Amino acid sequence: MIHSLDPRMNRLGLPDAPATAAAKEALDQFGTYEVFHQKKEGTPYVYVGPVHAPSADVAFLFAKEQYSRRFACTGLWVVPTSAITVTAYVGDQESAYDTLPLLPTSQAPTPPPIDDTAEEEAAYAAGEEDYDVFHLKKRGKAHQHVGKVRASSPADALQVAKAVFGEQRPVVNVWVARSADFLRSDDEDRDIWATTPEKKYRDAISYKVQDRIEKFKQEGLGQTEA
Amino acid sequence: MYGSASTHDQPTTATTGLENEDPILLAEFEARIARGEKIEPSDWMPALYRKQLTRMIEQHAHSEIIGSLPEGTWITRAPGFRRKMAQMAKVQDEVGHAQLLYSAAETLGKTREQMLIDLINGKSKYSNVFNYPTPTWADSNVISWLIDAGAIVNQLANAKGSYGPYCRALDRICAEEAFHLKYGHDAVVHLATGTPIQRKMIQEALNRWWPAIMTFFGPSDKMSVHTEILMRWKVKMASNDECRNQFLDMYVPKIWEIGLTLPDPNLRKNEETGQWEFTEPDWEDFKRVINGDGPCNAERIAVRRAAEENGAWVRRALLTPKMQYVRPLA
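Quick note, the sequences are listed as chains A and B, same order.
Its first residue numbered 0, the first sequence is counted upward by one per residue in numbering that gives the first Met the number 0.
Its first residue numbered 0, the second sequence is counted upward by one per residue in numbering that gives the first Met the number 0.
Careful, some of the hints might be misleading.
Claimed, not checked - Calculated Cβ distances over 10 angstroms to all of chain A for the following chain B residues:
#1 Ser41
#2 Leu47
#3 Met84
#4 Val90
#5 Gln113
#6 Asn244
#7 Gly258
#8 Ala297
#9 Arg304
Claimed, not checked - The following residues of chain A were derived to be distant from chain B, with all beta-carbon distances above 10 angstroms:
#10 Ala16
#11 Gln37
#12 Ala117
#13 Asp188
Said to hold, decoys possible - Reference listing, derived: stretches of chain B covered by chain A, where coverage requires no fewer than 3 residues with Cβ under 8 angstroms from a Cβ of chain A:
#14 49-59
#15 115-128
#16 142-153
#17 205-219
#18 262-271
#19 276-286
#20 313-324
Because the hints were derived from the structure by calculation, they are not lab data.
Just so you know, these numbers come straight off a predicted model, no measurement behind them.
Glycine included, every Cβ here is placed at the ideal spot set by N, Cα and C.
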């Protein structure tokens, strides 16, 4: 049996030389969700990373723990990785929109009119949906939310995004995902973000170690030695 | 914490396999890195780049998970409520870092299931320092301060590396580490400026840990295998000896200033060369321990395995049939 300095380990009665562990089954660690956070109210949502989770609700809880535990956060979105459509990655000076298939002018989408309720209702009735659009401005940085578009498919959403946001440069990579596929924190639940300031022991500045060192030096090294 | 720059089993020139790569794609790949752009998961990359990065990020992730065990064991016995809370927060951070790193490694194609099982079966390595025990609270403090400090030296260097997902993970990790370093320093200073018994306790812990700390950055460059290509590809950002020297430069003065000593009579800075001189660590012993024969190897793996196996039924219960695996994006 394993002998540990920690009595709790010893109580587990772990074997010294266990048999080789069998390979894990597929999806033992579940699928993944991609997570976006908002650092401050009114600022765009930014990609923070993935979490492995069995459902969107659990993904949200894991994401809150993983990505909002230490620093200010005012909102969180999670979306299944499989729901995101990704363009090619291009160089830091280029635009990923240039890699999309070119449509004949007659088919090229025009930016949808803003606040035109009648036209909006007709589009939704015809099967169009909202998509969220994210840009990566520089390789190695994080994707940032730039807005929503209305479209009939992910490929269409990319074309509409190009019409709406295509002037922005550089755009190294674009993600689009159906807005309905996101699980988002509610505004009325914003109290859940208020816990960080209570945890001062997690801040480097709450350790005033230099004061103690200075005092120790003034009193003279080794004075405390027996 | 806890990544150490040296990945074990680095390639030799004979095994780089570069002659099998498409020369045009390879040239474009190298040109991208040379002009300072990061590599993203869907980009073309040489097989060796993928293999070395996977191994390095995976080892880093395992080091975070295993490294949280010796400190985790002290949470319930940390002196006072505030230290318990802080120690718990730090351990939680380290486990969170492992999650970030496993995901970054996953973007290169190795599944998390495979990484977890390779750790349990001893196929993948982790930082060798965690194969040593933490018999006292002071030992835990030495890890919190100096092992974390060493890891930060590495991680700040690696955050300038060429692989996008690893950089994103490291930026976040480095931001969280600021508290660990201060917390660890505070804990060590508290004992070092305390009663004679406290001073003795921290000095003894430091003496126990110093040989392991000196091996933290991996074997000396003199004996380290060929890493030129990994430097050119910005997989490895600084040599083992450069990292070690930087660490000694930053932390030996801080150790001496609180009246502690280091158990190496040859440790001194050569003011002419700017390099620290020290007794060469026992690399044979290092090899022996990393290959499984250290005081805590079996315990670390057994504890990790028990956690993994005890959670299996929960994961099975939560699995839904329509779930599909897609590699994380970035």
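Legend entry - Numbered hints the structure breaks, given as an ascending list: Checked against the structure, the hints that fail are numbers 1, 3, 5, 7, 8, 9, 10, 14, 16, 17, 18, 19, while the rest are satisfied.
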